[in-house]
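Enquirer: Residue-level listing of the chains:
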Amino acid sequence: MTRNTRRYLWTRRRFLTTVGALAGGAILAACGGNDSSGGGDSQEDPTPTVDPRRGGQIRVALTGDPPNLDIHQTTDSIVVLVASHMYETLFTWDADYRPVPLLAASHEESEDGLLHTLKLRADVPFHNGETLKAEDVVASIERWSGISGLGEGLMEAVDKIEIVDDLTLEFHMSQPFGTFRMALARQLQGCAIYPKSVLDASDSTSLSEYVGTGPYKFVEWLPDQHILMERFDDYASPGGEVDGYAGPKAQYADRLEFIPVRTEASRVAGLQAGDYHYVETLSPDQVPVLETTEGVAIDVLPSDSWLNIVLNLRSPVLEDLRVRRAIQVALDHEAIMLAAFGEGYYELTPELVPGAPTWYTEAGAEFFNQNDPDRARELLEEAGYDGTPLRIMVTEEIQQEYNGTLTMAQQLEEVGFNIELLVYDGATLSDQRNDETAWEMYAAWASFRPDPVMRNLTSSATGWWENEEKDELLAQLQSESDYDRRFEIWEQVQYLFYEEVPRLKIGNSRRVVARSAALQDIGPTEMQPEFSNAWLDG
Amino acid sequence: MTGFIVRRLMLAVPVMLVVGTITFLLVHLTPGDPAAVMLGPEATPGQVDQLRDEMGLNDPLIIQYPRWLADVLRFDLGRSIFLERPVSQAILERATPTLQLTAYAMLIAIALGVPAGVIAVLHRDSLIDKILLLLALTGTAIADFFLGMLLILLFAVVLKWLPSGGYVAFTADPVGHFRAMLLPSLALGISIAGLPARLIRTAMLDVIQEDYVRVAVAKGLSHWTVVTRHVFRNALLPAITVFGYTLGDLLGGAVVVETVFSLPGMGQLVVNSIARRDFPVIQGVVMVIALGYLLANLLVDILYVAADPRVRVTRAVG
Amino acid sequence: MSVRTDVRSRPRGWRASYQPDRRRPWLDHLLGSKQVLGSLAFLALVTVVSVAAPLIAPSDPTYINPVDRLLGPSLKYPLGTDDLGRDQLSRLIYGGRVSLLIGVTVTVASAVLGSALGLIAGFYPRLDAPIMRLMDGVMAFPGVLLAIAIVISLGARQSSVVLALTAVYVPVVARMMRGMTLVIRELPYVEAARAMGLRDRHILTRYVFANAISPLIVQATFIAAYAILAEASLSFLGASVDAQTPTWGNMLRGGQRLLSRAWWMAVAPGTILFLTVLACTLLGDGLRDAFDPRSRERRGDPMLR
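Just so you know, the sequences run in chain order W, F and Y. All the letters of the first sequence, read from the start, carry residue numbers 200 to 737 under the numbering used here. All the letters of the second sequence, read from the start, carry residue numbers 0 to 317 under the numbering used here. All the letters of the third sequence, read from the start, carry residue numbers 864 to 1168 under the numbering used here.
Everything labelled a hint here was simulated from the structure, so no lab data went into it. Take these hints with a grain of salt, some might be off.
[To be verified] Some chain Y residues close to chain W (C-beta under 7 angstroms, calculated; not the full set):
| no. | residue |
| --- | --- |
| 1 | Ala904 |
| 2 | Asp923 |
| 3 | Pro929 |
| 4 | Leu947 |
| 5 | Leu1017 |
| 6 | Gln1021 |
| 7 | Ser1022 |
| 8 | Leu1121 |
C-beta: ideal position from N, C-alpha, C; glycine also.
Please take these sequences and the hints and turn them into a complete structure.
Expert: Encoded structure:
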């Protein structure tokens, strides 16, 4: 899209509509934050009545350097936070978390579900001057599916991908794949679109350069110092209204700077001192201090992720369902969540996809948070538990998981389990996770997913939950496209989750967003905040 | 003398190789590997194994070690897994902030410690002596990260005079550079200031004992002349050499200060690389640090011998 | 036979009135030094409290009680609670056990090992070079890295931390002992002892070591101070004992994270850490002054008016 066309699109009417939408969105966000149950008020953030200002450099404090800037590679959310300003995906999410086209112009699925026709938007430039073509999409999908589980699943159902012309692709499927759009949408380890020329010069573990179609382009990465991006002037902004992650990107800020600050207290201090505009994650315990700091705005948003205890179903100790049931029944979820997050920052509800209201179900709720230590002791006796230690792995690097795990361990000991707490550093834990003889339990984070198919509960995920019925259901969930049918399937899966206890859901945690009061319009944060429409006031 | 230097330099090589080998073993035998770290928290065991294969991490050590050794002997420290650049480049980039930090910290430590030590000596056993010494020791007794945090809270959050962290290159912005380096240098400098204070005090006390000082006083030289020309100067050398030997401590302090203040130095490089199991970087950094330490030691030894002809080379420095 | 040249019998009779008692002047000086006595007293107090932890501490330092998390100092919790609701006072008292134990163990281990190596290196010229090069190599290895690596491979236990810190301080002691041995070895009475045919081991222990012991003790107090602080730094970097077992270091680490929110979490361990380290250092300084034979003569020195 040339400069002139852009100016044309950006007419007065569009401008006013966009500002109105942003203002409306900001009002809704402020109200939504206040309405939620529990404590934790949002600090008063008056809806900006000034027009968004262009210019400035948004400084974001991260918890550390990302492992790479390659969205295909890693399930670490920090990569998406940073790199999704540089790369785009074929689809993205609207405010109701429905997948809508982004780099795609349109998508059609045939009646029998065996043909998906994808048309790309025309004249979408890459940062290096090339234009988006079908071959770039194919190359990206091929690389991505070699690494990502969801990608693998997609490609298994694909017979071949046909490039009809530069802007049209046809996916010939061997079986229906109803979640086609979701698989190719913005997510952790998602299918970002890179130019074929870059991919040809790269290998599967690292990219030769960072080139994408996104609103900001890569300038430099000085590890332990910053990652710098600047506005991509030729960016092809999508049309329409700002709607969740979808819609136009105003690119108000000149530059985005991401700074790794490993010490949490330093991040907090930096925010207070005005050195940063946004902080990646914050423990809710820091909120009381920041609430009283001038120039800092705190938003406590509804919950969208949950504390997840993974059980090793290949461990001999946990083979007996009664032992697992004893664990499930023994726990006082309130105490664990309190220890991990503090008063008012958690919710105890059984749904496995919090934050996506269309998937709310209470299937299996009778198993959730039973908090019955006596029953647990009975079950242990019945099962003939012989005192074999339950090895629980934990790392101090993530404070909330650590606190929750310690509280849980104490509760299990009180019920009669013999607990062996293995405190590892993060890398060791990531390594030991893959060894089925090394552990029985560990705490993990179930971050936000707009659709249940994006949560990996297959038998290949850690924990090795091997159950034919469940695998069947999950396959159907992936291939079905009818929402009602999928909801039914999901209810069954959730019920199995609670009945078989392959993992434990402890509770939801509310998201705390801390930013400088000058930073406006961050947009949705469930799948990482986007600064493409954000601006600095003053 | 030249022979002595050459011998020491030649000895440095095997020491470095041994250090490098020990690191190699340590790093490959500890649990955890970069593949799992790279793929993130929700990767499946299958994905991790696949990546390890691609990275060559599943090859037995017998194969990996000679591969690494051959590279090192060609002065090729390899390529960092996470930093996407050669290890040597990563180290060079990080050396400057750390060298600056340690240099400024030493200057602060000397600027605070030496006057305190001198004054303390001249008023020995009086209240001033005790107070100054106590002050010097106070800095040494506070945990460095705690001191750093307190400085940030005071100067960055409450007073808003200085940034809370981050690094600005001198070439980019000299004023910003010193503003950014002031707090970290203070934190590190204060925590070692006690050392020069006590060293200079002890050394001066020894010198004051000497006969030539008594002669100087008897000759009628002014108090001040005696102190500066005779006592202080002669006390300087032993003090410097002991100070030099204790520099090994400085890296530990630098690591902590760099982490609190987010400075992209060698300290953070070491800690972050270990956390991520960036094997090539860990191995390379250890060898470079070892080399630096050996060179620094050599320098101090040479200084000692060259400046004081009474000391024989072989006896004093082994 | 002892080599102390200032040993005399207690002055008796009419001489006692004007001749000072020169039997153990350093002991007098020691006992007269408020610095030494004060630090010793403080350290003794801390040690006693730590050892008596099960009797003194009001509650179980590892008991998690989320309902009472992040409470400030009160009657029930004199030093407040942390983010898991654990009583900080009990943790402080029990924490002393670990911190002091680590300090003492590291000190003793490095003193023993370092002295042995230093004595041998100083006394036997042929072993001098290899031992000192070995010590150089160990010192060249960055201590922080070694500590982190050991903790990762052997686990977040006290033994790992002790091992790591000992490795760091052994070369320091060894160097010092070697230096002293080199000097003492040349003294006439040592030569005389060798000429008399006394066994090496006898000479090393009764002659050399006996005269090097005072500086060693002084050095040991400084090592203790460094070791206790180093444990705190290692905690901060995540390379020390895991946080369920309290140490002053990991308590301080937890405290600095929530410094603005819950100041009591950091102030208590920070202060006690500071005072203990200060006491060790002052003790060392005081001992050095006391043991140094020349310091007594300086008292009358005109230069210092």
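Enquirer: Less than 7 angstroms between beta-carbons is the criterion; does Y:Gln1021 satisfy it with respect to chain W?
Expert: Given a least distance of 13 angstroms, the restraint on Y:Gln1021 is violated.
Enquirer: With a cut-off of 7 angstroms, does the beta carbon of Y:Leu1121 approach a beta carbon of chain W closely enough for the hint to hold?
Expert: This interface hint holds because 6 angstroms falls under the 7 angstroms limit.
Enquirer: Next item in the hint list is Y:Asp923. Is there a CB on chain W closer than 7 angstroms to its CB?
Expert: 10 angstroms, violated
Enquirer: With a cut-off of 7 angstroms on the beta carbons, see whether Y:Leu1017 makes it to chain W.
Expert: Violated - the Cβ of Y:Leu1017 stays beyond 7 angstroms from chain W, reaching only about 12 angstroms at its closest.
Enquirer: Less than 7 angstroms between beta-carbons is the criterion; does Y:Ala904 satisfy it with respect to chain W?
Expert: Interface hint status for Y:Ala904: violated (35 angstroms vs cutoff 7 angstroms).
Enquirer: Y:Leu947 was flagged as interface toward chain W. Is the shortest Cβ-Cβ separation under 7 angstroms?
Expert: 5 angstroms, holds
Enquirer: Can you verify the interface hint for Y:Ser1022: is its Cβ closer than 7 angstroms to any Cβ in chain W?
Expert: 14 angstroms, violated
Enquirer: Does Y:Pro929 hold up as a contact with chain W if the rule is Cβ-Cβ below 7 angstroms?
Expert: Holds, about 4 angstroms.
Consistency note: the structure conflicts with the earlier hints numbered 1, 2, 5, 6 and 7.
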